[in-house]
Structure formats: C-alpha cells, structure tokens
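Engineer: Chain residues, written in single-letter form:
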Amino acid sequence: MGRLAIGSILPILFLLVWEAANRTGVLTLESLSRPSDILVAGVAGLRDGSILLATVQTFETALLGLAIAAIAGILVGAILGLSPVLERITGPTIESLRPIPAVAFMPLVLMMFGFGISMEATIVAYACVWPILIVTISAVQAIEPRLLEVADVLEMPVTDRLRKIVFPSAFARINVGLRVATGIALVVAVTVEIVLNPRGLGYSLVLAQQSLNVGAMYAQLLWLCVVGYVLNAIIRNAGPGAPVTFWRPVQ
Amino acid sequence: MQVSNEAVAPRRDPGASVPAVSMRALSLSFGALPPARRTILDSITLDVREGEFLCIVGPSGSGKTTLLRLLAGLVQASAGEIRFRGQPISGPSRERAIVFQDYSKALLPWRTVRANVALSLEARKVPASEQGPVIDALLAKMGLANAAHQFPGQLSGGMQQRVQIARCLAQHPNILLMDEPFGALDAMTRQGLQDEILLLAGEQAMTVVFITHDLEEAIYLGDRVVVLGGVPAQIVKTVDIDLPRPRDQLTTREDPRFLAHRHRLFGLLRGH
Amino acid sequence: MSKAGWTRIAAFGFALSLILAWQVLADLRLISPIFFPSPARAAAVLVARFADGSIWTPLVATGLRMLFGWLLASLIGILIGAAIGSSRITRLLLEPTLEFLRPLPASAMIPVAVLFLGLSNAMSLSVIAFGAIWPVLLASVHGFSTVQPELRQVSDVLGFGRGAFLRKIALPSALPDIMAGLRVSLAISLILAVVTEMQASLPGLGWEIFYAQRVYRSPDLYAGLILLGVMGYCANHLLMRFESRMLRWRKTKL
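Protein chains in written order, with our numbering: chain F, 1474 to 1724; chain V, 953 to 1224; chain R, 3 to 256.
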C-alpha cells in the first residue's frame, strides 16, 4: 500500500500541473485535453456502455484466437517435445515462419475472411501459437524421463500417455507460456482493430481520434491501461496453484 | 577481555608509535529496540600493530566478517571508536584493501586478469601509459603471467583468488584485510597460497588482518592470534605466536610450540 | 555422414516437401490461387523485383524504420533503466507508473501520434520507439539493480564515484540482461514498423503487402511476407552474433 502511495506522487503531480497549465492558458493544445475533460469523457463512455461493449468485443476475439493457439500449440508442442527427431526436422521450418510478424498477415486474412471476428482471431492465433509451441516443447522435454519409461513399461497408448503423464508434468511451464500469450493476444487484437477491423477497443480508439473527440480518445487509452494492468495482475496471481488445478504434479 | 600487551619476540620493529588500527569498546548492533535488537559485536578493544600479521579466529557466524568490514569502513559501529593510524575510520578507503572470501563475486567477469588488476590503477588515476609495467610486475609476482589475458570464469578458484589479491595489492594499500580468503579452496592450493601471502607480507612489511575459522591456519600464519567467540562476540583470548619465521608447512606445523598453541586455543573455540 | 548431417538434410527436405506440396495443390487448383498462389509465382515476383531493383526502396525503408526506432528506444531505455535500476528512490517513484503504462499496446499510441504528427515518418518512429522501449527498459532496470553487492563494495573501497561505478561496473554487469532485452525490442520494432506503414501508407514492405491485397496480387503479397521473414531472421541473427562477441567472457572453460 505504501508503495502505491509513493508511486502515485509523480502521476498525481503531473496531472495537477497539466490541469492547471491548461486552465490558466499556459499550455493549450488541441491535441491534448485536460485531465478533467478526459475524466468526463471516460465516465460518459462507461455510462452509455460503449466502452464496455468495445472491451467485450476485443476480449472475446482475443480469447478465441488464444484458445485456437493454445490447442494447436500445446498438441503440436507435446508431440514435438516427445520426439527429438521430429523436433529437429520441423525446427528450421518453424524458425522460418516465426520471424514473420503476425500483423503482416492482416491483408491476406482480410482477403480470406473479410472484416469481423474470424479475421482478427486468426491473426491473434498466429501470433500466440509460437510462444505456446516453444514453451510446450521445452516443458515436455523437461519431463522426468523415468516417468516416460514407466509409460513405456506399462505399454500406455499415446492418448493415455499425453493425458496422464505428459500434460500434468508439463503444466506449470506451459502455464507460463499461456500467460505470456495472453498478453500478446490482447496487444495483437487491439492492433488489428486499430489498423483494419471495425470492432472492439482499437476501433473505438481510432473513431475517437478521427472524429477529433480527443477527450474520449485519451479516456479510452487510460481504460486500456487499466484493463491491461488488471489482466496482468490476474495472470500473475493465477498460477498453477489457482483453483483450476486440483492435483499436484508428482515431484 | 583485555588486549595482550606481551611483546614476546615481535616480528617487526614496533617503530610506529601509533598502532595501525586501534579499536576501543567497539560494538555493533542491529534493530531499534529489544527484543528486535541484535548485538553482533560487544565492546571489542584491540590494537593492530604496524607490520603485524594478525589472525582473528572464531567459529562460523561469530562476527569475524563483521569486524573486518568495520575495519574496511564498509559498515559503521553502533558504539565505541575505531581508528586507522590515529584517524577515525569514516568509510571505505583505498588504503585499506579487503580481499573477499567469494572471489567470483569480487572480480569483474567481463575483464581479463590484466584488466581486473588495472581497475585499481585506474582508481589511483595512474596514467594508462604507465600501467603496463606495474601490472606485469604484479602478475609475475602472483604467478599470473600466463593467465594475463584470460577471463576469471576460465580460471580455477586458486587463480581467481590470486587475481583478487593482485588487484588489492595494486591499490598500494597500507593494510590488507582478508576475509577467509582460502576457505573455498582445496587443501593443497590453500597451503600454497598461505606461503605466498606470508612471502608477500614479509617483503612489503605489510600489515595484515586475516580472518579464518581454521585454527591451524591462524597459528601458522600469524604473529598474533585473536580468538573471537560468544554471542554477542567478544575477544576471548589473544595469543602471541612465538614461532620462528620463515614458516614452513611441514616443520612449523610439527613444532611443539605450534601444537601447544593449538591445544590451548582449541578448547576455547569449542567452548564457545 | 553423421547423424547430425542426416537430420539437417531431413529438416531441409521437410521444408522443401511442404513447399512442393503447396505448389502441387496450387497447380491442381485445389486451393484458391487468390489466397494461396503457387510458390513459384511468389518466387518469380521476388526475382523480378530484385532484377529491376524495385524491391530496394521498400526493403530499405522498412529496414531503416525498424533500425532507427530500435536504436532510439534502446538508447533511451538503457539510460532510463540505468537511472531507475541504480537508485532505490527513483525506483519507488517511477516503477508503479511504468507498471501501469507497460500493458498499453504500442499500436494504441498510433491515434495519438497521428493527432500530433500526422501520417508521417515521425509518427511511425515515435510509435516504434514507444513500443520497443519496454523490453530494453525493463531488462536494464533488472540488470542495473542486480549488480553483485561485492562489486559495489569493491568500487567503494577503490574510491570510484557514482559515474565511474556506472560506467566501469554497473553497465558491463547489466549487459547480458540488456542484450536479451535488445533482441525482443528488435522484434517489436519490426512488427510496429509494419503496422505503422500499413496504417499511414508509408513506403515499405508493410505497405507493399497492404497494397498487393487491395489490387488482389497475392504473389506480391507473399513475396512481401517472405522478405519480412528473411529480414526478421537476419536482424535477429546478426544481433545474436553481436551479443556473443560482447559476452565472450561468459564461456567458462573449466
């Protein structure tokens, strides 16, 4: 709490100076509205539900893309992690595809799906699949080999092997990758909305800017900060110890 | 506890009237009020003579390192006074070089051996053109000539500690403080370095304060041995070591006087 | 041939077979040529554009954008990171604000930047710098605040002032962290270069891809994607080479 208090000194000071400078006419820029105006616009946006609607739109798209990436990434990652040969063979292909920025695919995916959720979710999925894939591979490779030998001796089928041994052991590390991917999902979703897609927080941000509704624009920027911060806080605290897991890995 | 003032066959001429270091009722405590208040050192009174090789020995955690850090000026006392050559110690200074136990953390891993030693010369503002020969001489003396262009990470523990000592010597210190410098090394390396440091200290008539938990090492190296013990730590005993110099790993350690000292002090260490 | 040699051939073969399969599917018109043109046509476009030199302007434009934005971000990031990492007070004052600003997607700053700077290169550079600064900044803060305390003490004993300590000891000590941050920043710089080009119709590979879509010239689109991948890969590779040279001392030969 004390930390929060000290940390808010500078921002509060900054806001006060900004407000004062604007009101006394020292610093008036059309592109920069007063903190009080921003606050008013923000409250209005929340009141009429537009900000919340946009937030939901962004989140549902990001979640969809993240889910696709997670399923694909974890499955493929598990297989590649279990088979060093396969991993080495597919390695260069993966390394060649990874550096291509997901956002570069926007025009292509737009051609295929048109505007809307599918297009945005696809881009999000492409961006998120790589960190998840890589983390899953290394998580699976770090599984205690003895456990895998036990699976061999018990002649477990692949599905059982994955379900009962691979995933539970690798979960903690994969979880970290998922957290990273969640952050990426949000950023990519907003980016697609800013450049192309007419829905979500990114789009309403651009709308505010283009209609010169500057106060609303800054208000939404602040809202994005809050949303991102809360999301990160949730992610940080929802580790393997969260209610989602009700067992402990054999360690 | 009293300071032993017996001047039994002093190794050096007690020419300096002012002791190198003088401590009077020195204490160090942490925390504001009891019960949170922890006293590490309690009323330490001790003199270190110029040119003396003083060993401070005590069990682990007995406050030896804290005492050394007080001498180095890296930490301030809570009570009492501590002086170096008559002047109060108010902070760290180039005059008082300190060799840390964990050599890997006290060397710059991104600089070569030469460059690590050069650090002290840079601190003394020696012009770059003059640094070369000084470093060469020092490296030769410490047996590091062949490793001059290697990085600490490529060297063994003993070599790394030599580099640290070389760096400290390059400071031109007036007193060398050593914090269990050979504790992390194997027995053979340790013995080799013990003799090297005796040689160095002898040549330069250097004042050395040497901390160790190894009683035999303390007796082997020192002109005097101070036993620290108890919680909070106090000086339990001070003993003058009347063994002849130069010391020898075989003969000195079998000398009856050595064994006698060992017997006397062993019990003191165990007792606390 | 060693096992490693065989695996490398197999890996190459895998990638090649994917491309060949794609080519076959395209030739047989089993996949739409609009969305998935044959690799041969994409390659042909690349060759043609290299031949007539028209590829260089957008390639260099994106490259320079990425580079300058990254350099700017790195410089500022390291300086601020050093200031924050080496001073507890500064950390306490600034860290919460930074934690609050960090989750903001850099692309969200595009509308603000457009308001102030219009659809210009300056807008692009400032957005790239804003986005790329975070990994370097955070890595620098971490690096500067985790200098071995023993080194700090050595510096005090030797009598180095704060400036000399930062220069001779803190900075080299923080370098491994900083280099890791620089690599992530470079990747972000490339992404934001592409995004800002698309948004503001600035010349570059991003814009080429955007334009190719609008005129339904998908081989050009794919050619652009391939070039972006190559550029990203090369930039990262060069940086990694630089990093291992700077951090030579990390190899312990014991």
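Wrong hints could be hidden among the right ones.
What the hints assert, rightly or not - 30 Å max Cα-Cα, derived BS3-like pairs, lysine-lysine: (1) R:Lys170 x V:Lys1093; (2) V:Lys1093 x V:Lys1077; (3) R:Lys170 x R:Lys253; (4) R:Lys170 x V:Lys1077; (5) V:Lys1057 x R:Lys5; (6) R:Lys253 x V:Lys1093; (7) V:Lys1093 x V:Lys1057; (8) V:Lys1057 x R:Lys170.
Since the hints were made in silico from the structure, they are not lab data.
Engineer: For each hint, tell me whether it holds in the structure or not.
Structural biologist: Going down the list of hints, with the structure as the test:
1. A threshold of 30 Å between alpha carbons decides the hint, and for lysine 170 of chain R with lysine 1093 of chain V the separation of about 26 Å falls inside it, so the pair holds.
2. Distance check on the hinted pair: lysine 1093 of chain V and lysine 1077 of chain V sit about 22 Å apart at the alpha-carbon level, within 30 Å; holds.
3. The hinted pair formed by lysine 170 of chain R and lysine 253 of chain R meets the criterion: a straight-line CA distance of about 21 Å does not exceed 30 Å.
4. For the hint pairing lysine 170 of chain R with lysine 1077 of chain V, the CA-to-CA distance comes to about 14 Å; that is within 30 Å, so the pair holds.
5. Distance check on the hinted pair: lysine 1057 of chain V and lysine 5 of chain R sit about 41 Å apart at the alpha-carbon level, beyond 30 Å; violated.
6. At roughly 27 Å between alpha-carbon atoms, lysine 253 of chain R and lysine 1093 of chain V fall within 30 Å of each other, so this suggested pair holds.
7. A C-alpha spacing of about 23 Å is found between lysine 1093 of chain V and lysine 1057 of chain V, which places the hinted pair at or below 30 Å, so the restraint holds.
8. At most 30 Å may separate the alpha-carbon atoms for a hinted pair to count; lysine 1057 of chain V and lysine 170 of chain R meet this at roughly 15 Å.
Hint 5 from the list above is the single one not met by this structure.
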